[in-house]
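Residue numbers (the numbering used here), protein chains in the order written: chain A, 452 to 755; chain B, 3 to 180; chain C, 10 to 150.
Hints may contain errors.
[To be verified] Subject to a maximum C-alpha distance of 27 Å in a straight line, what follows is the list of computed DSS-like cross-link-like pairs (lysine-lysine):
#1 A:Lys683 / A:Lys642
#2 A:Lys705 / B:Lys52
#3 C:Lys124 / B:Lys137
#4 C:Lys74 / B:Lys119
#5 A:Lys663 / A:Lys634
#6 C:Lys74 / B:Lys111
#7 B:Lys55 / B:Lys19
These are computed hints drawn from the structure, not numbers from a lab.
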Amino acid sequence: MFKKILFATNASPACDAAAKIAFELAEKYESELILFHVFAEPSHGSGAFVTDYVTGEKESVGPDYGDWVKEEMKTTYEPLIQKHGEPTYETLIGIPSTEILRYARKNEVDCIIMGAHARQDDPGAARFRGIVGTTMQKVALWAKCPVLIISRPCETCFWYFNQIVFGTDFSKASMSAFQFAYKMADHIGCKLHLFHALNIETSQAGVSPGQKSIEEMIQNAKEKMETLYVSKMENFDNYEISVWEGVPYVELLKFARETSGDLIVMAHHAREVEIEDAVMGSTVEQVVLRSACPVASVNKPDRL
Amino acid sequence: MEKIYLTEDGIILKKGKPVTDNVLPLLSNTIELDPGFTLASFFAIIDRYKSFKKMSELLETFLTMAKAGKGQFPKTHEIEGLVFYKTIAMKGFPGKPGIQIYNSLKGIKNKRTKALKFFQMESLLEHELILGDLKHIVFGDGQDMFTYETFYTLFEFIEGITWEMSFNFNPLQCSIRG
Amino acid sequence: MEKPHKESKIVLVIEDEMDMRFYLMALVKSLGFEPILTRNGFQGLDVLDTVRPDLIILDVMMPEKGGALVYQELKIDPRYRDIPLIVFSGVDPDSFVHYVKMLNTGQKEKGQKEKIPFPEYYVEKSADPEYLKKIIKKCIH
Chain A
452 MFKKILFATN ASPACDAAAK IAFELAEKYE SELILFHVFA EPSHGSGAFV
502 TDYVTGEKES VGPDYGDWVK EEMKTTYEPL IQKHGEPTYE TLIGIPSTEI
552 LRYARKNEVD CIIMGAHARQ DDPGAARFRG IVGTTMQKVA LWAKCPVLII
602 SRPCETCFWY FNQIVFGTDF SKASMSAFQF AYKMADHIGC KLHLFHALNI
652 ETSQAGVSPG QKSIEEMIQN AKEKMETLYV SKMENFDNYE ISVWEGVPYV
702 ELLKFARETS GDLIVMAHHA REVEIEDAVM GSTVEQVVLR SACPVASVNK
752 PDRL
Chain B
3 MEKIYLTEDG IILKKGKPVT DNVLPLLSNT IELDPGFTLA SFFAIIDRYK
53 SFKKMSELLE TFLTMAKAGK GQFPKTHEIE GLVFYKTIAM KGFPGKPGIQ
103 IYNSLKGIKN KRTKALKFFQ MESLLEHELI LGDLKHIVFG DGQDMFTYET
153 FYTLFEFIEG ITWEMSFNFN PLQCSIRG
Chain C
10 MEKPHKESKI VLVIEDEMDM RFYLMALVKS LGFEPILTRN GFQGLDVLDT
60 VRPDLIILDV MMPEKGGALV YQELKIDPRY RDIPLIVFSG VDPDSFVHYV
110 KMLNTGQKEK GQKEKIPFPE YYVEKSADPE YLKKIIKKCI H
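Okay, chain A solo, but in the shape it has when bound (with noise of 0.2 Å):
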């Protein structure tokens, strides 16, 4: 399923629950694994002293550099790398976000893995700060691959996959985390639920629609998803559909809890609008905010 899988780290705490989502996963379907790391250069003042410190050029770096931060990540990660095994290594320095990206395209990256943050936070505290920071917008907006997110552990999470939810607001962009998510079902055997929420707006003059009508929306949603979706399954028939009413990201959460979901598909942004304009959408930020299983975020269908 997944040739290669990326993981980006600064090997601080708030990658750990990150990490051991990669070694696992990369265990299961016998991927390499990249443990990635990037000087950031410009951050402290610094970058300019370190370059010239290592090799006085940006694109190589010294075996100095990459043979330290080689120890360092195995200082980090030696529990999970004594019990999946060894990953590859490879540093850089530059702009984190760039790099990632020009490897994982360079490379043929199938899967980059990354935590939300570069720090933790309480739950109290999450709420002043972006729910995810700039380096994963960035990465998640550029990729050709699929980019897990990860916000928070999920001690019981090890099926991988056992019960996929694909989110779908039907906009063009959820057609690539479609097909994600049918090729990861189709590809394990597991269950894919196919998931839309209904958000019930209030009509004219604070009226609700009537029952009938929820239903029929209900029923239209259902059949919509038949038509885009279960059309392009071929013979996998391990799928469900389920259409619930609410605001989408609880109902999403409510339903992925309830379903057991082990992996959530979401298209990185739910409006149709051009790449360059395409911020994170609401609805996923959300989910990924408080998701207790890694989050997909999809929104290229290159490298599917």
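Given chain A's structure and the hints, the job is docking chains B and C onto it.
The following block gives chains B and C in isolation, referenced to the frame of chain A:
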């Protein structure tokens, strides 16, 4: 501002008498919790005073979960109780230095707080919930926090617990950790 | 780059970010000194049990045991209080001074007479490396 009391049964008392309607103006009142107040009591308040549901799209969901979970989930013994408290954190880096003020709901075990993210919400319902002191954290230092007495408004209480509980959508098969 | 002296001066670095540790290691080595790198306050204090460095470079924002707490311990412990110390932080100095004032209030309430001094050397992380080198040399020589 006059203090209001929240009872174990999910009733708001003002001047010793149960409040029956027009609860929104009480959001700015400071609160005190009766002994024996639990997380279930919190949801009983939301259920009784339905205006509060409009504070968050999550509350309706939580009410359903709380009602369905009553008696179905065993009370977790990995904590001894729940505490709701305020934090003022002086944040230095990354980004601009500043102050963050937020509320948290945590479990208590052996006089230490414990994160609740990995618990099923239903397993927390019967735990006693108390209001804790304010903690002043500087630069993320988790060890040496300054504590002070403080007060909480009804708004902070409802909003804070709702926010914290939104991190508890754990798969039903997940067992408790941590 | 200056060659290491026969008996190199030792610089203890207490810093939780990997990239920062590398930067400080490179900078200290470029001056001919020997860095000992630690990832957090606990490790840093452990090293002090067996090694007396010529200088400590201390980060402030670290998880669990933060740098300000480590600073407090170093400054009230007679074994360590005289070791030159540079607080190296992304936090501006006024914020750190605020914290030290609060710690001193706490000390008073605990009945401890020792007051924690404000740091003699405070370098922000955004500072030019040459400036940090200048301060390190000043501390050690």
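Check the hint pairing Lys705 (chain A) with Lys52 (chain B) against an upper bound of 27 Å on the C-alpha distance.
Satisfied, since the Cα-Cα distance of roughly 21 Å is no more than 27 Å.
Would the pair Lys683 (chain A) and Lys642 (chain A) pass a check requiring their Cα atoms to be no farther apart than 27 Å?
holds, 16 Å
For a C-alpha distance cap of 27 Å, please report whether Lys74 (chain C) and Lys111 (chain B) respect it.
OK: Lys74 (chain C) and Lys111 (chain B) at ~20 Å, within 27 Å.
Under the criterion that the straight-line Cα-Cα distance not exceed 27 Å, is the pair Lys55 (chain B), Lys19 (chain B) satisfied?
Cα-Cα ~23 Å, so holds.
Under the criterion that the straight-line Cα-Cα distance not exceed 27 Å, is the pair Lys124 (chain C), Lys137 (chain B) satisfied?
holds, 23 Å
For the pair we were handed, Lys663 (chain A) and Lys634 (chain A), check the Cα-Cα distance against 27 Å.
Status violated; Cα separation ~36 Å.
Decide if the proposed pair is consistent with the structure: Lys74 (chain C) and Lys119 (chain B), CA atoms, cutoff 27 Å inclusive.
holds, 22 Å
The structure does not agree with numbered hint 5 stated previously, though it agrees with all others.
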